[in-house]
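Chains as they are written, first to last, in the numbering used here: chain A, 1 to 460; chain B, 1 to 460.
By construction, these hints were calculated from the structure, which means they are not laboratory data. The model shown is predicted, which means the values in this text are computed figures rather than measured ones. Mixed in with the good hints there might be a few duds.
For chains that are exact copies, the list does not tell them apart, and a pair is met inside one copy or across any two.
What the hints assert, rightly or not - Quick list of in silico lysine-lysine cross-link-like pairs, DSS-like style, CA-CA up to 27 Å:
| id | residue 1 | residue 2 |
| --- | --- | --- |
| 1 | K211 | K313 |
| 2 | K313 | K98 |
| 3 | K21 | K98 |
| 4 | K169 | K313 |
Number of protein chains: 2
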Amino acid sequence: MTRAVEDWLAARDADTIETLKDFCRIPSVSTDPAYNGDVRRAAQFVVDRLTEAGMPVVETVETDGHPCIFAEWIVDPATPTILIYGHYDVQPPDPLDKWQTPPFEPDIRDDRLYARGASDDKGSLLIPLVVARAYAQVHGAPPLNLKFLIEGEEESGSPHFAPTVAAMKDRLTCDLVVSADGAMWRADLPSITVASRGMLALEATVTGAAKDLHSGRHGGSAPNPVRALARMMASLHDDDGLVAVPGFADAATAPDPAITDAINDVAFDVGGYFDGIGAPRPDPLPDSATLLTRQWLVPTLEFNGISGGYAGKGTKTVIPSEASVKITCRLVAGQDPDAVCEAIRAHLAAVLPTGYAMDLHRHGPGSRAFALDPDLPGLRVAEGILEELLGARPLRVAMGATIPIGSVFDEHLGAGLVFFSFSTADEDYHAPNEFYRLSSLRTGQIAWARLFDRLGGGPS
Amino acid sequence: MTRAVEDWLAARDADTIETLKDFCRIPSVSTDPAYNGDVRRAAQFVVDRLTEAGMPVVETVETDGHPCIFAEWIVDPATPTILIYGHYDVQPPDPLDKWQTPPFEPDIRDDRLYARGASDDKGSLLIPLVVARAYAQVHGAPPLNLKFLIEGEEESGSPHFAPTVAAMKDRLTCDLVVSADGAMWRADLPSITVASRGMLALEATVTGAAKDLHSGRHGGSAPNPVRALARMMASLHDDDGLVAVPGFADAATAPDPAITDAINDVAFDVGGYFDGIGAPRPDPLPDSATLLTRQWLVPTLEFNGISGGYAGKGTKTVIPSEASVKITCRLVAGQDPDAVCEAIRAHLAAVLPTGYAMDLHRHGPGSRAFALDPDLPGLRVAEGILEELLGARPLRVAMGATIPIGSVFDEHLGAGLVFFSFSTADEDYHAPNEFYRLSSLRTGQIAWARLFDRLGGGPS
């Protein structure tokens, strides 16, 4: 029974919201070195919360990038041990002018907390920290052995996380990894994620002349890298938007039939999807299964940003010296990030027009896709709690997005991983006006309290 | 004889350089409203120079944009009248990080003055202002009737210049227009420009979702406007880089045979051209006539800048809400900017994929191509002076770039126009590290002094 813990948490609801606001005030943007000091402050914030929760061991683990935070409370070696994962870094806040309130000045409207990082992942990460503290305050200790490993580079592709896990593997042994990251699919439909796509991040830069040229004087005779890049980009997809790079998906394996079954079971409102993201409905509209399959189970190559030449107001009659495009691929089971990178490199080199130079830069190592063991006991416990609290058996779904750590714990610790996040996919993380439902903050605390209890051997 | 005037100018060489530096310190970027106050200061600078030159009439002519400066000195109604054209606005200075010294802090290195606008067009514009003053100081008046019309929006496509000329046409009557704008083709080969390409400036914006989306969560299912725009852009040219828009060049007329003769007479060093702009040499290398024809006589559609999504350091896993590209076309004789705009609009609308919206914005009215009467007497006078000073008969060449005013004076005043600029095309105008040769400043003053004298009826 977790009654006393739940009461303690409920009584401190206002304090917890204030704590989350404090967390969200720290602009811990990991991808931009300008924020390095803030990322460090966010790490210290996590250290302080773990210390406040009474964890006997709390350590800042330095990496070649931003640090990880490790914490441990072994209450009884005979009791199960869980390792809790999350991240304290956030996405960049651009475009700033699209925010209704400043991204790092948390604002509550309609029981939602608006701030960069509120949903991804500070809100959902704060929950197990608060629940651990509740157990310490109410019962003197948690009902199972707790370990935490919280990273600060998830939004940068986790370049140093796998080496850190590998180096610390003897200290990270556990029976189950529980991730506080990895949002629920929909706010209106309980779900639990059992697979996620992998990731590869690249940046291609095409160079023509050594400097910008006058587009009148040189137009028609000089190389225009924007033109070259656009033609190269156009060769990366077919008319249906599927990746057309030779060899790109050769190693992809067939998806888990349980997920394709789920896709066929859900009557997804495709028209409503396009309305919801504010895009014109394509004609013809894809059917539900096609759309979900492409969102969950088909590898992608998306352009995240493009730049080259004059971007100010008005016109500037230049032929740019260079143009570049940021690319991220989402990979499915079987695809190796290294092999996919080489396939793209070979294709781009083959379509590079004469008279240009190209550089293909890889951002971070990327990660393979992840698929959870469908029979994992911890998964069934988590599903039971969600059903109690949300009123319906959660659907097992795949995730189009990537949890870079998905495959890392499996490889180094041999431990299964359950996603137990209370963020939902509509909360505009990675976009302006990111928000977190305060109702999720409350439900999540009860859920984690019960998860600790059940996994620790309490009544189910 | 202009000996006394030339001596006066030579004695004041250091002062003139200082004046040019003062002019270049004013960041008169016409295309960006942030610089509006500076553009106004540059206009006043021109007023001050004309007043200092003793012009009896000096007026600031307001427009719906930046003002024109008109000045007039009628020494004798029976004497020829020239109208001198130039512009006091400059290109934007971006990319700032490529400048060796700040763009608006003029720096002299190797007898070159480095600053934004030094070559285009402040250096060459200052020359007739200084020469007018020299005549006033030495002889009490210029040797012919002088009018000036100096604009402040040349780098923005001169949106208000034609209406201004139309409105003032009775005051602008003249025997010849002499342009201080319009650079010489090469520093090592005297030339005079007898044709220039017209211009059309557009900006195409493609929108998908109403906001940026998470590229993992939505990748594969949501519209990606960067992908759509790249495919649309790729359809605008053929494999040879020639414009592939239906109807684009339907109205183009055959070029003047005199210019094609000149193209065939000049052994242009094509390999050296690519080396000079710092671009990889294409393989195979085009021949001399092909390259010059495409630079002077073939209409173009160049991408001047592209943007969409994340442009900061590192990666950001978004699907951008929109992407846009800035386009300028250079038009040849016969092409109408309006018709070309509509051809491009129709083509882009036809290739816009389903599920996206597009906006095509036109920056300014654009301008038709210009071709000078080859038998214009003033042209022969200008050629004679250049031959005296530069040691060789100048080649009559076409210009890939646009002098927006090219066709305006012909239409409204019925007057021929001679380009008499002492900028040269290698001076990196429209690029970082723009410079002006101080030797050109000196030669140009002698040339303009003789031009005044000869056109006024002095000994040739």
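Here's how the hints hold up against the structure:
With identical chains, the CA atoms of K211 and K313 are at most 27 Å apart both within one copy (21 Å) and between copies (21 Å). For the identical chains of this complex, K313 and K98 are neighbours both inside a copy (18 Å) and across copies (20 Å), given an alpha-carbon limit of 27 Å. For a Cα distance limit of 27 Å, the shortest separation of K21 from K98 inside one copy, 20 Å, qualifies, whereas the shortest one across copies, 41 Å, does not. Proximity of K169 to K313 under the C-alpha cut-off of 27 Å is found in neither arrangement, the shortest distances being 53 Å within a copy and 32 Å between copies.
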